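In case you want the letters, here they are:
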Amino acid sequence: MLRPSERAPGLLVGDGVDLPEDAVLGGNVVIHDGSVLGARLRLGDNCVIGKPTTLSARSTAPGGDPGAASLGDGVAVGAGAVVLAGARIADACVLADQAHVRERVEIGPDTVVGRGASIENDVRIGTRVKLQTAAYITAWSVVEDDVFVAPGVLLTNDPTAGRGGAGRELRGATLRRACRVGGGAVLLPGIEVGEEAFVGAGAVVTKDVPPRALVMGVPARVVREIGEEELLG
Amino acid sequence: MLRPSERAPGLLVGDGVDLPEDAVLGGNVVIHDGSVLGARLRLGDNCVIGKPTTLSARSTAPGGDPGAASLGDGVAVGAGAVVLAGARIADACVLADQAHVRERVEIGPDTVVGRGASIENDVRIGTRVKLQTAAYITAWSVVEDDVFVAPGVLLTNDPTAGRGGAGRELRGATLRRACRVGGGAVLLPGIEVGEEAFVGAGAVVTKDVPPRALVMGVPARVVREIGEEELLG
Amino acid sequence: MLRPSERAPGLLVGDGVDLPEDAVLGGNVVIHDGSVLGARLRLGDNCVIGKPTTLSARSTAPGGDPGAASLGDGVAVGAGAVVLAGARIADACVLADQAHVRERVEIGPDTVVGRGASIENDVRIGTRVKLQTAAYITAWSVVEDDVFVAPGVLLTNDPTAGRGGAGRELRGATLRRACRVGGGAVLLPGIEVGEEAFVGAGAVVTKDVPPRALVMGVPARVVREIGEEELLG
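Protein chains in written order, with the working numbering: chain A, 1 to 233; chain B, 1001 to 1233; chain C, 2001 to 2233.
Think of the hints as simulated: they come from the structure by calculation, not from any bench. Some hints here could point you the wrong way.
Here are some chain C residues pointing at chain B (derived, C-beta under 8 Å) [claimed, not checked]:
| id | residue |
| --- | --- |
| 1 | G2038 |
| 2 | R2040 |
| 3 | R2042 |
| 4 | A2057 |
| 5 | G2072 |
| 6 | A2076 |
| 7 | R2115 |
| 8 | A2134 |
| 9 | F2148 |
| 10 | G2183 |
Straight-line distance between alpha carbons at most 30 Å, and here's what the computed DSS-like set of lysine-lysine pairs gives [stated by the list, open to error]:
| id | chain 1 | residue 1 | chain 2 | residue 2 |
| --- | --- | --- | --- | --- |
| 11 | C | K2207 | B | K1207 |
| 12 | A | K207 | B | K1207 |
| 13 | A | K207 | C | K2207 |
Derived DEER-like restraints, expressed as beta-carbon distance ranges [what the hints assert, rightly or not]:
| id | chain 1 | residue 1 | chain 2 | residue 2 | range |
| --- | --- | --- | --- | --- | --- |
| 14 | A | V36 | C | T2160 | 34 to 40 Å |
| 15 | A | V36 | B | R1058 | 35 to 41 Å |
| 16 | B | K1207 | A | P159 | 20 to 26 Å |
| 17 | C | R2177 | B | E1169 | 23 to 29 Å |
| 18 | A | D33 | C | G2016 | 48 to 54 Å |
| 19 | C | P2211 | B | P1219 | 46 to 52 Å |
| 20 | C | P2219 | B | E1225 | 26 to 32 Å |
| 21 | B | P1159 | C | P2210 | 37 to 43 Å |
| 22 | A | G164 | B | A1039 | 29 to 35 Å |
| 23 | B | R1058 | C | R2124 | 19 to 25 Å |
| 24 | B | K1207 | C | R2177 | 29 to 35 Å |
Quick caveat, the model's predicted, so the values are computed rather than measured. Every residue, glycine too, gets a C-beta built ideally from N, C-alpha and C.
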């Protein structure tokens, strides 16, 4: 149950939360029951940590208790950001203002989730990933280390567009190590983007992208191989 | 006028609000004057119900008092969601976290408005509709029963792009019963998507879509008819 | 340091803030240290003014103290909107609900920033500009007077998609006087859209748009010249 705390103005803290002394808190922060908090956190104004899930009757997300939210050492959460129960955010991540992270999302260390970006349920994200403003990571996706997802990128996972019933198979995207997806690109369900590949801005990707390929257009086609000098290695 | 209430931590309630005993409230909820609230509500942290309209001097939205916001029985409103005065949300709807619903929007029962989705003024939405994350429903649109709008879909209504003056005619979209619009699709002003039609992900729709047609591409073209087995019926 | 204020329910005000008597305040407003506030402000529920910057270690935004946020006379800030320290908003602007404005953004008078729109750091915006719902203005862009940016427009600035290192050159968009950008259009890095030009909805703009040209498609091509009767003049 949420109760006012004297630690910061407008702060509400749930049961079983151990709030470290060194946390830097904005105004009106809400921390729900059982949230696990690392050292040196910065929690912005009006952010919400560990919000219990509220699924619609027709949601495709698994029910059940997703466990507590956990934030590693040095995590920064922006103003108005919402982190659901069962999300696990590793050390030194930044969740920017108004970002949204759902239940059972796992995020590796040093990853940045941009302003207003959205990560749906049951997504696994690696280390040093950068998801920029308003990027949308659909449920059941895998995003490997060092991936860059530009602003407004949209991943999809439902080939039936809602027609397959509650038990339908959803196929998230797989973004392999060090690939890059340009601004506003749209990926159809189940797409894999290969290691070090680059999807151009505004592309609509309808089939898998080979490793190290540059693809562009609607539908996206391979334009060339990424040069040695551009590889992250 | 908003005043603190003892019913929940950080709760602010306006004049003339009858808050049912069985409402489940997060932290820092704001309920403005006159809001009409059904039974078994769940109102998430930092959500705002019945916010008075604040139009810019150049807004195309009608002025005047839109009346109170009303939420039917069993409605769930997510964290950080904003529902304006004059929105009417029927029973058992879910407005997800950070969603936004404007004045004079009417939403039928059992409809889901996804995380960060936005419904502009004077929109009418049916029953069992699903608007997914960050979908954008432009003003003066009509969305019939059982429509599915995927993440990041963008409807537009102004062929002049702001050039027609304050009295200009805006033409929202019409999404007929059981149609589906895929992720990131863009609809030009005044488009009608027919019953059971399917707009592919990433399409740009420049003319009306016949009933039961599958359209794809930029500009969108009819690819085939939707098979019997895919119809909602 | 934020402290509760008796001026409005849930209001938190930082040090060195002179809150004018005529400000109209929603619930749970947060105003950070040193914010400079004009007359006749309207600040919506849960909005945040002057939030200090929190950059990730790999951010391309300049560090250092951006100075205080300032809001001119008659500015309206919507519910859940976030204005960072060092943003300067001129008289009579409207920042709609859930909008986001970063450090060192300068916005001229009478401009509207739509619901959920995002303006990144170091952007300069003119007078009577209209940025609609969920529009995304990338860092280092210039938007001149009387520009219209439709919902969901996406500007980009990084040709390397994150690969150029922290010191890399970012090239924002330049939107010249009275140009219009249609819904969901995507602009590649460094694009200039000429005076009175019009980018069609859903276009992907890969090269500069001449003044007064209408461009459409993917990639965008010139379709015709804008007629005299459509010019703002």
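How the hints compare with the structure:
1. G2038: violated (16 Å)
2. R2040: Constraint on R2040/C not satisfied, violated at 12 Å.
3. R2042: Given a least distance of 6 Å, the restraint on R2042/C holds.
4. A2057: Because about 27 Å separates A2057/C from the closest Cβ in chain B, which is outside the 8 Å limit, the hint is violated.
5. G2072: violated (14 Å)
6. A2076: holds (5 Å)
7. R2115: For R2115/C, the interface hint holds, since the closest Cβ of chain B sits about 6 Å away, which is under 8 Å.
8. A2134: At 6 Å from the nearest chain B Cβ, A2134/C passes the 8 Å test, so the hint holds.
9. F2148: holds (4 Å)
10. G2183: Where the cut-off is 8 Å and the nearest Cβ of chain B is about 4 Å from G2183/C, the hint holds.
11. K2207/C - K1207/B: holds (26 Å)
12. K207/A - K1207/B: Holds, because 26 Å separates the two Cα atoms, which is no more than 30 Å.
13. K207/A - K2207/C: holds (26 Å)
14. V36/A - T2160/C: 34 to 40 Å: holds (37 Å)
15. V36/A - R1058/B: 35 to 41 Å: Taking Cβ atoms as reference, V36/A and R1058/B lie about 48 Å apart, which means the hint is violated.
16. K1207/B - P159/A: 20 to 26 Å: holds (25 Å)
17. R2177/C - E1169/B: 23 to 29 Å: The hinted range 23 to 29 Å holds for R2177/C and E1169/B, with Cβ atoms some 26 Å apart.
18. D33/A - G2016/C: 48 to 54 Å: violated (37 Å)
19. P2211/C - P1219/B: 46 to 52 Å: The hinted range 46 to 52 Å is violated for P2211/C and P1219/B, with Cβ atoms some 25 Å apart.
20. P2219/C - E1225/B: 26 to 32 Å: The hint (26 to 32 Å, Cβ to Cβ) holds, given that P2219/C and E1225/B are roughly 31 Å apart.
21. P1159/B - P2210/C: 37 to 43 Å: violated (22 Å)
22. G164/A - A1039/B: 29 to 35 Å: holds (32 Å)
23. R1058/B - R2124/C: 19 to 25 Å: Check passed, 21 Å falls within 19 to 25 Å.
24. K1207/B - R2177/C: 29 to 35 Å: With a Cβ separation near 32 Å, K1207/B and R2177/C satisfy 29 to 35 Å, so the hint holds.
Hints 1, 2, 4, 5, 15, 18, 19 and 21 from the earlier list are contradicted by this structure; the remaining hints agree with it.
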